[in-house]
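S.K.: So for the sequence shown, the numbering used here puts the first residue at 1; every next one is plus one.
One or more hints might be untrue.
Said to hold, decoys possible - Taking CB as the label site, the calculated pair distances span:
{"no.": "1", "residue 1": "R162", "residue 2": "D112", "range": "30 to 38 Å"}
{"no.": "2", "residue 1": "F195", "residue 2": "E224", "range": "36 to 44 Å"}
{"no.": "3", "residue 1": "A49", "residue 2": "E82", "range": "14 to 22 Å"}
{"no.": "4", "residue 1": "Q113", "residue 2": "Q70", "range": "39 to 47 Å"}
Simulated from the structure, these hints should not be mistaken for lab results. These figures come from a predicted structure and were not determined experimentally. Note that the Cβ used here is the ideal one computed from N, Cα and C, for glycine as well.
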Amino acid sequence: MAEIELHPGVPFCDAITLNRIARQQGLCLAIAQAAVYDEICRAVTLPVAVEEQEVEDYLQELEISTAAEQESYLQSKGWTAEDLLYFATRSERLERFQQQMFDSEVEVRFLDQKLERDQISYSLIRVEDGDLAFELHQRLLDGEADFAGLAQQYSLGSERERGGCVGPVALNQAHDTVVHKLRTSRPGELLAPFFLEDVWLILRLDDWQRARLDGATREELREELFEAWLDRRVMQLLAGEVPGPLPSR
1 MAEIELHPGV PFCDAITLNR IARQQGLCLA IAQAAVYDEI CRAVTLPVAV EEQEVEDYLQ
61 ELEISTAAEQ ESYLQSKGWT AEDLLYFATR SERLERFQQQ MFDSEVEVRF LDQKLERDQI
121 SYSLIRVEDG DLAFELHQRL LDGEADFAGL AQQYSLGSER ERGGCVGPVA LNQAHDTVVH
181 KLRTSRPGEL LAPFFLEDVW LILRLDDWQR ARLDGATREE LREELFEAWL DRRVMQLLAG
241 EVPGPLPSR
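Construct all of the structure, not just a fragment, from the sequences and the given hints.
M.R.: What follows is the structure in structure tokens.
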């Protein structure tokens with residue numbers, strides 16, 4: 001029966017025992033995840049020059065500069081040269097896999113999340129009396145008072161402590177009606193009072209920060225797509241299914 005080694009050359013247990021340990025100690029998920037990561041790293045081919053540079057950078061981070069130091073390090077970890085190459089190039093292989101596998105889906109993902117990523121800042125006054133709401137609105141139009149002062153004096157919500165200022169917040173964190181009204185207004189525009197649920201509101205859009213699909217956002221979305229894909233593939237393994245082969249990269 002095949003023997004499992006924790007340290008190269010030193011038998012630890014047989015496969016049946018390891019299966020029992022994995023089940024009883026809740027390690028199956030971690031093993032399935034590790035199997036998928038290993039599958040990815042084996043599927044992504046790097047140029048020899050890139051591999052050599054990654055190994056050099058990896059050893060430099062560890063402050064290993066001589067062959068003797070490298071050999072001592074490998075022995076202390078129980079690694080082979082192949083293991084060193086794997087760990088040194090793992091991040092690069094995963095990054096290339098994410099780029100090649102999910103770059104084409106990033107823009108669609110970004111558009112789907114637009115409401116979550118756009119940020120708005122606005123000023124708000126909440127009062128229960130409609131007549132008071134219209135009176136305050138008129139005072140603001142006439143320049144008799146400033147928004148922050150009236151909010152601190154009259155607004156019923158926690159925004160009064162900030163002079164009526166709310167945000168920046170994601171669009172999906174604001175009330176749908178508030179978002180709809182702000183969407184059609186311009187920064188600095190004072191909106192007429194309106195009744196919402198049990199209070200009268202006076203709104204002013206201060207700033208609308210449109211989400212941009214820049215490099216950092218692309219990387220974040222690729223990571224999200226990868227994590228979702230990884231979860232699905234891991235669940236297939238745990239369910240006893242055989243996932244489809246990965247495309248060669």
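S.K.: A separate judgement is required for each hint: does it hold in the structure or not?
M.R.: Hint-by-hint comparison with the structure:
no., hint, verdict
1, R162 x D112: 30 to 38 Å, "32 Å, holds"
2, F195 x E224: 36 to 44 Å, "39 Å, holds"
3, A49 x E82: 14 to 22 Å, "18 Å, holds"
4, Q113 x Q70: 39 to 47 Å, "45 Å, holds"
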